[in-house]
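**Student:** Respectively, the protein sequence lines represent chains A and B.
Heads up, the first sequence is in the working numbering, so the first residue is 7 and it goes up one at a time.
Heads up, the second sequence is in the working numbering, so the first residue is 7 and it goes up one at a time.
One or more hints might be untrue.
Partner residues aside, some chain A positions facing chain B, computed with beta carbon under 10 angstroms [said to hold, decoys possible]:
id	residue
1	Ile44
2	Leu109
3	Ile126
4	Asp137
5	Met211
Chain A is nowhere near these chain B residues, computed Cβ spacing over 10 angstroms in every case [to be verified]:
id	residue
6	Pro40
7	Thr156
8	Gln212
Just so you know, the hints here were simulated from the structure itself, not pulled from any lab data.
All figures in this text were calculated on a predicted structure; none of them were measured in a lab.
Just so you know, even glycine gets a beta-carbon here, dropped at the ideal spot from N, CA and C.
2 protein chains.
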Amino acid sequence: MLYNLPMEVKLAVSKVNKYATSESGDSVEVIERPNGGISVVMADGQSSGKAAKQVSSLVVRKVISLLSEGVRDGAAARAASDYLFTERKGKVSATLNIASIDLQTATMVITRNNPLPVYIASNQDLCTFDDECNPIGIYRDTRPLITELTLEPGLTVVLFTDGLVHAGSRSGDSLDIKTILEAYLEEAEQPNPQLLADQFLSAAMQLDRGRPVDDISVVVIQVGSEASDPVRRMSVQLPLS
Amino acid sequence: MLYNLPMEVKLAVSKVNKYATSESGDSVEVIERPNGGISVVMADGQSSGKAAKQVSSLVVRKVISLLSEGVRDGAAARAASDYLFTERKGKVSATLNIASIDLQTATMVITRNNPLPVYIASNQDLCTFDDECNPIGIYRDTRPLITELTLEPGLTVVLFTDGLVHAGSRSGDSLDIKTILEAYLEEAEQPNPQLLADQFLSAAMQLDRGRPVDDISVVVIQVGSEASDPVRRMSVQLPLS
């Protein structure tokens, strides 16, 4: 083991469909890494509804299948890009984010093929991983941007699809994502990523008056300073309406 | 849509390693179904530690990859059996359970290649799905047992690996799984499957004096009568020690 403190990683996903569509164009899946740790993979397919879902689901499936075979995140993202480019002849794009807790290297690895930023906070500061990069599927040789962070208590990462940024666009409003994150980091005594993901989503839905203009997915990962017990937990909540 | 009530499905997994082993021989993954809904796939590889993990992970990966392509649960289980039989020449077995919320049919589909029972409770009664069946990997043509249940509020399903049954075996004790489940069903006002999964695990760990004699995984799925909001949520808690 490369880390010597007891730590605990908590991950939360909150996801809502565009108003009046039964399928989200976003796909998010979490998978165990074969050499220890977990990865979350998030894709947003071009347009919305069934067609977008097909694309994002194809991308996420390809990535999780490669990750589960031990392929590294960057190579999996490039493979997914080539695959989508080949399948859809360069006509359909998708954004792709991967965030991995890699226990082999004791790091969090963040992979972006998404113009949107990823927010990264430590106990010291809050920074934005927003160097320019392309979605996948449109060009040959699309490469992801990758950043690798040492796993340590206090590390907090927030990723999202563009629905979060588009919220409020009907009325000319927009969400101040950074301020919500800062307020959470100041107030939260215990890591509670689900609370933060839900705060983003409810603020977005409020701007859209309960009728989201786009599919929204938010992923929050937070490293805590000690594990309450040795139990791994996973939970899912799936509304059927 | 085949169901006309608003409902909410909640799923929880709690998992702990055998004492003093860094890897669990159990694998559990949750995946979105391409035609709507989710599936949870749980496998327990023969023996424990790294070798068992390899087997259970191979089985779960095969099953989720097939499910994500739209293959039906029974066919996916048979494919995983043939695959393990071929890969390991019939010398290694694994138990396999799949539980799916299938929104195409508005049912919960439970697939067993595991001698251990699955508990199924509705608002009316509690029954045990325990017809005889074989683990996969040892024989050609191993078939799963499948049961299909209408999705309705109150439906509660509990599946687990044999670690839960072996708990206490060092001291000749054993867990009364049915009684714990009955007490939960009587007391719980709101569906809280994570609470129940944790109750099973902590009772088992108490019998083993905090040192589990085997890897333990518990999956609880519960259908509630209404969704609190339209948000899908997933959360993961991963202790690193």
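**Student:** If a hint holds in the structure, say so; if it doesn't, say that too.
**Tutor:** Going down the list of hints, with the structure as the test:
| no. | hint | verdict |
| --- | --- | --- |
| 1 | Ile44 | holds (6 angstroms) |
| 2 | Leu109 | holds (7 angstroms) |
| 3 | Ile126 | violated (19 angstroms) |
| 4 | Asp137 | violated (28 angstroms) |
| 5 | Met211 | holds (9 angstroms) |
| 6 | Pro40 | violated (6 angstroms) |
| 7 | Thr156 | holds (13 angstroms) |
| 8 | Gln212 | holds (12 angstroms) |
Comparing the model with each numbered hint stated earlier shows that hints 3, 4, 6 do not hold.
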